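Visitor: Protein sequence lines, in the order shown, are assigned to chains A and B. Quick note on numbering: the first sequence equals residues 1 to 329 in this note's numbering. Quick note on numbering: the second sequence equals residues 1 to 329 in this note's numbering.
For the record, the hints were derived by calculation from the structure and aren't laboratory data. Check each hint, because a few of them may be wrong.
[Stated by the list, open to error] A short list of chain B residues far from chain A (calculated; beta carbon distances all over 10 Å):
#, residue
1, ASP46
2, GLY51
3, SER61
4, TRP77
5, GLY110
6, ARG115
7, VAL146
8, GLY167
9, ILE194
10, SER218
11, ASN319
[What the hints assert, rightly or not] Each pair of labels, with its calculated beta carbon distance range:
#, chain 1, residue 1, chain 2, residue 2, range
12, A, ARG284, B, LEU49, 30 to 36 Å
13, B, LEU113, A, GLN267, 22 to 28 Å
14, B, SER136, A, GLY131, 35 to 41 Å
15, A, GLY29, B, ARG285, 27 to 33 Å
16, B, GLN81, A, ALA309, 47 to 53 Å
[Said to hold, decoys possible] In silico EDC-like pairs for lysine to aspartate or glutamate, Cα to Cα no more than 16 Å straight-line:
#, chain 1, residue 1, chain 2, residue 2
17, B, LYS141, A, ASP204
18, B, LYS271, B, ASP253
19, A, LYS271, B, ASP204
20, B, LYS271, A, ASP260
21, A, LYS271, A, ASP260
No experiment lies behind these values; they were computed from the predicted model shown. Backbone N, C-alpha and C define an ideal beta-carbon position, used for all residues, glycine too.
Next come the chains, spelled out residue by residue.
There are 2 protein chains.
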Amino acid sequence: MPIAAAPTVAVLGLGLVGGSLFQLLHRRGHPVVGYDIDPNVRHLADRQLDGEHARVVDTVSAALDAADLTVIAVPLWSIGQIIDEIGRVSYSGLLTDVTSVKTSVATMIGERLPRARWVGGHPMAGSEHAGFAAGSATLLKNCPWVLCLEAETSIEDWLHLARWITGLGCRVFPTSSSDHDEAVARVSHIPHAIAAALTATVVDAPGGRSALSIAAGSFRDATRVAATAPDMVAAWLTANAQAVADGLTPIIDRLALLRDDLQANAQLSDKAHRWLQQAHDIRRRWPLAAGPPQRFPATASAIADIGRAGGWITNVSANHLEVRLPNRE
Amino acid sequence: MPIAAAPTVAVLGLGLVGGSLFQLLHRRGHPVVGYDIDPNVRHLADRQLDGEHARVVDTVSAALDAADLTVIAVPLWSIGQIIDEIGRVSYSGLLTDVTSVKTSVATMIGERLPRARWVGGHPMAGSEHAGFAAGSATLLKNCPWVLCLEAETSIEDWLHLARWITGLGCRVFPTSSSDHDEAVARVSHIPHAIAAALTATVVDAPGGRSALSIAAGSFRDATRVAATAPDMVAAWLTANAQAVADGLTPIIDRLALLRDDLQANAQLSDKAHRWLQQAHDIRRRWPLAAGPPQRFPATASAIADIGRAGGWITNVSANHLEVRLPNRE
Numbered sequence: 001m002p003i004a005a006a007p008t009v010a011v012l013g014l015g016l017v018g019g020s021l022f023q024l025l026h027r028r029g030h031p032v033v034g035y036d037i038d039p040n041v042r043h044l045a046d047r048q049l050d051g052e053h054a055r056v057v058d059t060v061s062a063a064l065d066a067a068d069l070t071v072i073a074v075p076l077w078s079i080g081q082i083i084d085e086i087g088r089v090s091y092s093g094l095l096t097d098v099t100s101v102k103t104s105v106a107t108m109i110g111e112r113l114p115r116a117r118w119v120g121g122h123p124m125a126g127s128e129h130a131g132f133a134a135g136s137a138t139l140l141k142n143c144p145w146v147l148c149l150e151a152e153t154s155i156e157d158w159l160h161l162a163r164w165i166t167g168l169g170c171r172v173f174p175t176s177s178s179d180h181d182e183a184v185a186r187v188s189h190i191p192h193a194i195a196a197a198l199t200a201t202v203v204d205a206p207g208g209r210s211a212l213s214i215a216a217g218s219f220r221d222a223t224r225v226a227a228t229a230p231d232m233v234a235a236w237l238t239a240n241a242q243a244v245a246d247g248l249t250p251i252i253d254r255l256a257l258l259r260d261d262l263q264a265n266a267q268l269s270d271k272a273h274r275w276l277q278q279a280h281d282i283r284r285r286w287p288l289a290a291g292p293p294q295r296f297p298a299t300a301s302a303i304a305d306i307g308r309a310g311g312w313i314t315n316v317s318a319n320h321l322e323v324r325l326p327n328r329e
Numbered sequence: 001m002p003i004a005a006a007p008t009v010a011v012l013g014l015g016l017v018g019g020s021l022f023q024l025l026h027r028r029g030h031p032v033v034g035y036d037i038d039p040n041v042r043h044l045a046d047r048q049l050d051g052e053h054a055r056v057v058d059t060v061s062a063a064l065d066a067a068d069l070t071v072i073a074v075p076l077w078s079i080g081q082i083i084d085e086i087g088r089v090s091y092s093g094l095l096t097d098v099t100s101v102k103t104s105v106a107t108m109i110g111e112r113l114p115r116a117r118w119v120g121g122h123p124m125a126g127s128e129h130a131g132f133a134a135g136s137a138t139l140l141k142n143c144p145w146v147l148c149l150e151a152e153t154s155i156e157d158w159l160h161l162a163r164w165i166t167g168l169g170c171r172v173f174p175t176s177s178s179d180h181d182e183a184v185a186r187v188s189h190i191p192h193a194i195a196a197a198l199t200a201t202v203v204d205a206p207g208g209r210s211a212l213s214i215a216a217g218s219f220r221d222a223t224r225v226a227a228t229a230p231d232m233v234a235a236w237l238t239a240n241a242q243a244v245a246d247g248l249t250p251i252i253d254r255l256a257l258l259r260d261d262l263q264a265n266a267q268l269s270d271k272a273h274r275w276l277q278q279a280h281d282i283r284r285r286w287p288l289a290a291g292p293p294q295r296f297p298a299t300a301s302a303i304a305d306i307g308r309a310g311g312w313i314t315n316v317s318a319n320h321l322e323v324r325l326p327n328r329e
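Please work from the sequences and hints to get the whole structure.
Guide: Below, the structure is given as structure tokens:
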């Protein structure tokens with residue numbers, strides 16, 4: 001069943017990302033129903049409302065009753081519970097989520113909601129803060145929003161979601177659950193782990209306190225996400241254990257090589273020089289510049305090609321996709 | 001010989017930090033003479049001048065001729081050469097530097113300019129960019145400026161420099177060369193190395209290109225300084241080899257523990273949970289809040305106490321120091 005261009009959206013969980021999505025939809029006059037398990041959060045969200053198109057409700061079933069599209073935005077550790085609650089009502093609309101791991105969520109959905117019209121999503125937006133009050137209608141502005149396309153995904157459902165997301169002003173990055181998890185291990189989960197290891201190590205040494213006093217820009221940025229709630233980070237790391245472990249090994253190896261070089265003769269090996277240079281070249285060219293606008297057919301194989309090229313969809317029209325691929329330099 | 005409250009300052013090297021200091025002094029109407037080995041940089045600096053108090057000169061000796069206070073702001077690999085040039089003219093004014101390692105610079109000064117009135121300094125300001133054009137009069141605004149006090153440092157010279165730096169609106173953090181190098185390894189040199197290891201690793205895996213496409217805020221901040229010139233980073237790491245190697249070991253150990261936990265059973269050990277929590281607590285309280293203003297006597301032992309407590313000097317008056325210590329929470 002196709003959904004309207006502006007479907008009524010249920011947002012389950014009004015934390016940083018869910019709350020920001022709720023505020024964005026509310027601000028745009030998009031029909032939206034918000035739910036959070038915490039009455040204080042519901043009250044906070046409700047107080048801001050202005051107009052008939054947005055509501056906060058007290059139960060999951062009241063939220064689903066009204067919805068054509070439901071966005072699961074609860075923390076990773078509550079995903080199982082919310083899936084079970086959805087399973088207890090008859091809901092036939094589209095279902096997506098905003099969780100930072102996709103394979104384990106896909107497995108849960110497959111086991112507990114086998115007939116759900118589910119498409120896994122992950123807007124790449126966040127901060128070291130959590131909760132509704134930390135969010136805003138602008139958090140998701142122009143963000144890269146990953147949308148997973150698997151063999152079992154309905155292409156029609158996928159395209160509906162992609163149209164809705166691009167309509168919000170975000171860019172849709174097609175990928176698979178396993179490719180997503182590998183990539184996010186390296187660009188988000190591991191950076192969180194490293195920030196924590198670095199921060200904890202500063203105070204190990206006797207002069208830790210004065211080190212914290214003189215720490216400036218490079219420490220500030222390198223450790224920003226160490227302030228993220230540790231339970232959240234632990235949940236990501238364990239739910240994405242294999243990809244995180246695989247991604248940590250080459251980093252540990254590089255740092256150990258560097259340490260051994262410096263300890264042995266206060267010099268860097270050619271290998272260490274090479275990866276310093278390689279990192280410099282990569283980072284100077286990031287964010288990747290977009291090539292010219294292109295059109296792709298709205299087929300599963302074209303979408304997979306876009307994903308493999310690191311490209312993104314800016315608009316979904318009736319007959320084709322508007323796409324940008326990163327420039328090859 | 002005491003120097004005036006607004007001494008004529010020679011800035012040798014007009015890169016990011018030296019150029020920013022030159023611009024700051026120029027902007028404040030402070031007498032300043034700038035020199036850079038590169039005629040293009042001298043031309044760039046000269047074009048901006050407005051007023052008689054600031055000049056750009058073509059030789060080190062012309063810069064020193066006019067100066068009561070000389071700031072060495074060349075890259076680490078040119079320090080030896082500039083010290084030798086200073087040695088060839090008769091210069092009896094104060095000498096400081098802005099280099100990010102202090103022990104090896106102190107050794108060079110001791111060997112090649114044994115009678116210099118040298119006080120090692122390090123303003124904790126910078127960016128991933130280099131060169132005069134990347135600097136600005138605001139780069140050093142309110143920055144923590146480390147000033148080393150050793151047994152052989154003249155307390156009078158140290159206080160003159162501290163007065164001049166606080167007069168620029170910066171805060172002076174007293175420490176020793178070796179404590180500085182240990183702290184800076186952990187809050188700056190190692191963060192640069194880790195940013196590079198992380199960045200180089202993203203493209204190791206097959207999906208590297210799409211990982212770079214979806215990378216967002218945590219990757220942006222964690223890797224910002226990977227864009228720093230690799231020669232500069234290599235020079236810091238090798239000049240501060242022991243402290244960097246010592247600081248890398250506990251980070252490598254933490255990451256290896258985490259990797260092994262995740263590989264073995266997709267869980268975190270209590271130890272890993274503890275350092276995630278510890279890092280969170282540290283980072284939430286950073287930057288350290290300042291306690292109430294205090295007065296300390298202007299003696300070497302009081303200054304060393306301030307440094308050990310992670311405190312800083314906001315003003316140097318005739319009889320005492322105005323000091324803030326970080327709050328103990």
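Visitor: Evaluate each hint against the coordinates.
Guide: Structure-based check of all given hints:
{"no.": "1", "hint": "ASP46", "in the structure": "holds (29 Å)"}
{"no.": "2", "hint": "GLY51", "in the structure": "holds (31 Å)"}
{"no.": "3", "hint": "SER61", "in the structure": "holds (33 Å)"}
{"no.": "4", "hint": "TRP77", "in the structure": "holds (13 Å)"}
{"no.": "5", "hint": "GLY110", "in the structure": "holds (19 Å)"}
{"no.": "6", "hint": "ARG115", "in the structure": "holds (28 Å)"}
{"no.": "7", "hint": "VAL146", "in the structure": "violated (6 Å)"}
{"no.": "8", "hint": "GLY167", "in the structure": "holds (20 Å)"}
{"no.": "9", "hint": "ILE194", "in the structure": "violated (6 Å)"}
{"no.": "10", "hint": "SER218", "in the structure": "violated (5 Å)"}
{"no.": "11", "hint": "ASN319", "in the structure": "holds (25 Å)"}
{"no.": "12", "hint": "A:ARG284 x B:LEU49: 30 to 36 Å", "in the structure": "holds (31 Å)"}
{"no.": "13", "hint": "B:LEU113 x A:GLN267: 22 to 28 Å", "in the structure": "holds (26 Å)"}
{"no.": "14", "hint": "B:SER136 x A:GLY131: 35 to 41 Å", "in the structure": "holds (36 Å)"}
{"no.": "15", "hint": "A:GLY29 x B:ARG285: 27 to 33 Å", "in the structure": "violated (41 Å)"}
{"no.": "16", "hint": "B:GLN81 x A:ALA309: 47 to 53 Å", "in the structure": "holds (48 Å)"}
{"no.": "17", "hint": "B:LYS141 x A:ASP204", "in the structure": "violated (30 Å)"}
{"no.": "18", "hint": "B:LYS271 x B:ASP253", "in the structure": "holds (11 Å)"}
{"no.": "19", "hint": "A:LYS271 x B:ASP204", "in the structure": "holds (15 Å)"}
{"no.": "20", "hint": "B:LYS271 x A:ASP260", "in the structure": "violated (25 Å)"}
{"no.": "21", "hint": "A:LYS271 x A:ASP260", "in the structure": "holds (12 Å)"}
In summary, the numbered hints that this structure violates are 7, 9, 10, 15, 17 and 20.
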